[in-house]
Amino acid sequence: MSTATGPSARGTFLGMPAVPPRSPYGTGHLRGERTFPRAAHDELGNEQLRRNLGKATHSIRAKRLDVTGELPDWEALRDAGSAIKTDTMNRLPELLEELERKVTEHGGTVHWARDGIEANEIVTRLVRRTGSDEVLKVKSMATQEIGLNEHLESQGITALETDLAELIVQLADDRPSHILVPAIHRNRDEIREIFLRQIPGVDPALAATPAELAAAARAYLREKFMTAKVAVSGANFGIAETGTLSVVESEGNGRMCLTLPETLITVMGIEKVLPRFQDLEVFLQLLPRSSTGERMNPYTSLWTGVTPGDGPQDFHLVLLDNGRTAALADTIGREALNCIRCSACLNVCPVYERTGGHAYGSTYPGPIGAVLTPQLAGMHAAKDDPNSSLPYASSLCGACFDACPVKIDIPSLLVELRHQHTEQSGTTAEKLAMKAAATVMKQPKLFTAAQRAAGLGRVVAGRSGTFSHLPPPFRGWSDSRDTPAPPKQSFRSWFASADGAAAMRAAAQDGARHTDDDSQEAQ
Amino acid sequence: MTATARETVLRRVQDALTRSDRPEVTVPRAYRTGRALPDGERLALFVDRLVDYKAQVRTCTAGTTATVITEALRAHGARRIGVPPGLDPAWLAGWDGEVRTDSPDIPAPRLDVLDGVVTASAVSCAETGTIFLDGAAADQGRRALTLVPDLHVCVVDLSSVRTGVPEAVAQLRPERPTTLISGPSATSDIELERVEGVHGPRTLEVVIRTDV
Numbered sequence: 042m043s044t045a046t047g048p049s050a051r052g053t054f055l056g057m058p059a060v061p062p063r064s065p066y067g068t069g070h071l072r073g074e075r076t077f078p079r080a081a082h083d084e085l086g087n088e089q090l091r092r093n094l095g096k097a098t099h100s101i102r103a104k105r106l107d108v109t110g111e112l113p114d115w116e117a118l119r120d121a122g123s124a125i126k127t128d129t130m131n132r133l134p135e136l137l138e139e140l141e142r143k144v145t146e147h148g149g150t151v152h153w154a155r156d157g158i159e160a161n162e163i164v165t166r167l168v169r170r171t172g173s174d175e176v177l178k179v180k181s182m183a184t185q186e187i188g189l190n191e192h193l194e195s196q197g198i199t200a201l202e203t204d205l206a207e208l209i210v211q212l213a214d215d216r217p218s219h220i221l222v223p224a225i226h227r228n229r230d231e232i233r234e235i236f237l238r239q240i241p242g243v244d245p246a247l248a249a250t251p252a253e254l255a256a257a258a259r260a261y262l263r264e265k266f267m268t269a270k271v272a273v274s275g276a277n278f279g280i281a282e283t284g285t286l287s288v289v290e291s292e293g294n295g296r297m298c299l300t301l302p303e304t305l306i307t308v309m310g311i312e313k314v315l316p317r318f319q320d321l322e323v324f325l326q327l328l329p330r331s332s333t334g335e336r337m338n339p340y341t342s343l344w345t346g347v348t349p350g351d352g353p354q355d356f357h358l359v360l361l362d363n364g365r366t367a368a369l370a371d372t373i374g375r376e377a378l379n380c381i382r383c384s385a386c387l388n389v390c391p392v393y394e395r396t397g398g399h400a401y402g403s404t405y406p407g408p409i410g411a412v413l414t415p416q417l418a419g420m421h422a423a424k425d426d427p428n429s430s431l432p433y434a435s436s437l438c439g440a441c442f443d444a445c446p447v448k449i450d451i452p453s454l455l456v457e458l459r460h461q462h463t464e465q466s467g468t469t470a471e472k473l474a475m476k477a478a479a480t481v482m483k484q485p486k487l488f489t490a491a492q493r494a495a496g497l498g499r500v501v502a503g504r505s506g507t508f509s510h511l512p513p514p515f516r517g518w519s520d521s522r523d524t525p526a527p528p529k530q531s532f533r534s535w536f537a538s539a540d541g542a543a544a545m546r547a548a549a550q551d552g553a554r555h556t557d558d559d560s561q562e563a564q
Numbered sequence: 003m004t005a006t007a008r009e010t011v012l013r014r015v016q017d018a019l020t021r022s023d024r025p026e027v028t029v030p031r032a033y034r035t036g037r038a039l040p041d042g043e044r045l046a047l048f049v050d051r052l053v054d055y056k057a058q059v060r061t062c063t064a065g066t067t068a069t070v071i072t073e074a075l076r077a078h079g080a081r082r083i084g085v086p087p088g089l090d091p092a093w094l095a096g097w098d099g100e101v102r103t104d105s106p107d108i109p110a111p112r113l114d115v116l117d118g119v120v121t122a123s124a125v126s127c128a129e130t131g132t133i134f135l136d137g138a139a140a141d142q143g144r145r146a147l148t149l150v151p152d153l154h155v156c157v158v159d160l161s162s163v164r165t166g167v168p169e170a171v172a173q174l175r176p177e178r179p180t181t182l183i184s185g186p187s188a189t190s191d192i193e194l195e196r197v198e199g200v201h202g203p204r205t206l207e208v209v210i211r212t213d214v
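Those protein sequences? They're chains A and B, same order as listed. Sequential numbering from 42 applies to the first sequence in the numbering used here. Sequential numbering from 3 applies to the second sequence in the numbering used here.
To be clear, the hints were calculated from the coordinates, so they are not data collected in a lab. Any given hint might turn out to be false.
Straight line, CA to CA, 30 Å or less: simulated DSBU-like cross-link-like pairs of lysine-lysine [unchecked claim]:
{"hint": "1", "chain 1": "A", "residue 1": "K486", "chain 2": "A", "residue 2": "K104"}
{"hint": "2", "chain 1": "B", "residue 1": "K56", "chain 2": "A", "residue 2": "K104"}
{"hint": "3", "chain 1": "A", "residue 1": "K529", "chain 2": "A", "residue 2": "K486"}
{"hint": "4", "chain 1": "A", "residue 1": "K448", "chain 2": "A", "residue 2": "K96"}
{"hint": "5", "chain 1": "A", "residue 1": "K96", "chain 2": "B", "residue 2": "K56"}
{"hint": "6", "chain 1": "A", "residue 1": "K265", "chain 2": "B", "residue 2": "K56"}
Since the model is a prediction, treat every value here as computed from it, not as a measurement.
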């Protein structure tokens, strides 16, 4: 156990381990520029976005239900997946060291990065060493999180995304809006325009059909694949036991990047490690079915260090912290690190479906993004930090928990983050309201009184029985929906009344007629 | 001396874990393992899943392998094909087109001149329609060979087809570069409409040898 030193030691005492730092403020893509309600407000006005998203989420959702439904042991797989991840987090130090040892034994080089800034520097240095000023990219959430492309650009190195959707987003100077289908907010005509404008030598007669557009991307990237010296990838899994890394994909751009260049650099979050090779039997079932709704994705690559005569002869693995240890230090937040980035929670979320990914302002959108983003980057004490608004970007309906292949209890994590946020922020109306609610709920007499007082709200609500405008701080709610007035009577006062007593008696007698065994109790 | 990034990250992980309980976890592996379907059922399941993924499927026996491979190559107008160095030459006994044997010295861009490639496979999973290629096996070749040409004729022995994912993964050699293929290359990135063939082979022909 180390003694806390440096800035992270604030608030700790001798002998107590330091709280690991979050992702450095102002770096990478873990924080939007506007709070969720403001950003969502604008996105809600984008009809095409809502139409495309609605179609995509419903279609993937239906496919996912089909292919998970055909496995009688789906729940057992989820239990295993969840336990493997929990076990992984428990044993993270030894597993990371084991992974490092195995990768090194097989001819790879392992680098460690405290944060995104350091990871970007490591990758830049490694790319420079190849003498190339162009690098091919396989779609990777980790490198997007740390803003690697932008950093490379600032260093005079061009990073070219090779996943079709990522390429579209990059050529349009846009941001991804979905983990799995990042360009889902664009339609075929827009994509044709983007290609005509940005890809040199594209036939002006290019048809706006998915097949023709994919063929244009194929032709454009083919030459790049054949001549590239260096590629950067992420990793879906890193197996500690064997040092094997894995990338799951569909198009073959991953295979191209992982096998054709001389140098391969893989950036992997430290939470992506799995203990045993055997664990792949669980995750190769959970991930594709949850993610694309396929029994298996078209291509999965597994590689261990360097193989003479096959693939890159220079392999580097960059292990990235960037706030992950801060999440790990939080007993509840630790669960968010179990995420395998399948995007199933996005597709079932009523909030995400209407706002789209941009509103979250982070590389990780949707329900898991609302949990993971504040865990990695923190909820800054400053007022109106966009990340402070993320835990509220949910209806807490629980669909995300049901859909999660590793059973992350996202709704409970959101509630916990809301609690942490109100605890951290100053004396806001919300904090007072929460405190008041807690005090009242702890004391039955006060609770009864409060319920009676709430009944008075009916008078204010008028004949319609709804409030259309509430005073601050509830105005944000009432601006977009009517609020039903509280009931005339609380359950407790109804239960205590003559009406209630009579109704309960009738119900008891009715029950007694149906169930002999219960008759004595009912009398 | 200041701590290296490695020391710092590992210390942070330790510190993080020390701050809270680490309840013992036993991984429940109640999911299905060790399944074995009879040949006929396994074949039917495998073919159903392959076809669902837009792979083209032909079956043959050990005796008709060469004929069926030639049919598959001709069906796509292939003239010049590549093969890994360890491929059984008898498989190409009926083929009258050009054959180039792959080797690690051939630069990957040169593979672009091939119309197609014929390889064997290591193991398959019937339930998901997945073929596993072992890059270190002499009859499956390096990874670039099955990636760059537009047609892949892949020979699968029915005896190497396992029922589910756990049974197939158990057959792998972890240290070897392994590629899992489920149908041809595909994308759904534009308006979620599936298009076959982006960067990998646009056509996957699976030749299943039923008596091997």
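Now for the hints, and whether the structure bears them out:
1. A C-alpha spacing of about 51 Å is found between K486 (chain A) and K104 (chain A), which places the hinted pair above 30 Å, so the restraint is violated.
2. The hinted pair formed by K56 (chain B) and K104 (chain A) meets the criterion: a straight-line CA distance of about 17 Å does not exceed 30 Å.
3. Using a Cα cut-off of 30 Å, the hinted pair K529 (chain A) and K486 (chain A) holds, with the two alpha carbons roughly 18 Å apart.
4. Only pairs whose Cα atoms come within 30 Å are accepted, and K448 (chain A) paired with K96 (chain A) is accepted, the gap being roughly 25 Å.
5. Taking the CA atoms of K96 (chain A) and K56 (chain B), the gap is about 23 Å. The hint holds against a cut of 30 Å.
6. Restraint check for K265 (chain A) and K56 (chain B): satisfied, since their Cα atoms lie roughly 27 Å apart, inside the 30 Å limit.
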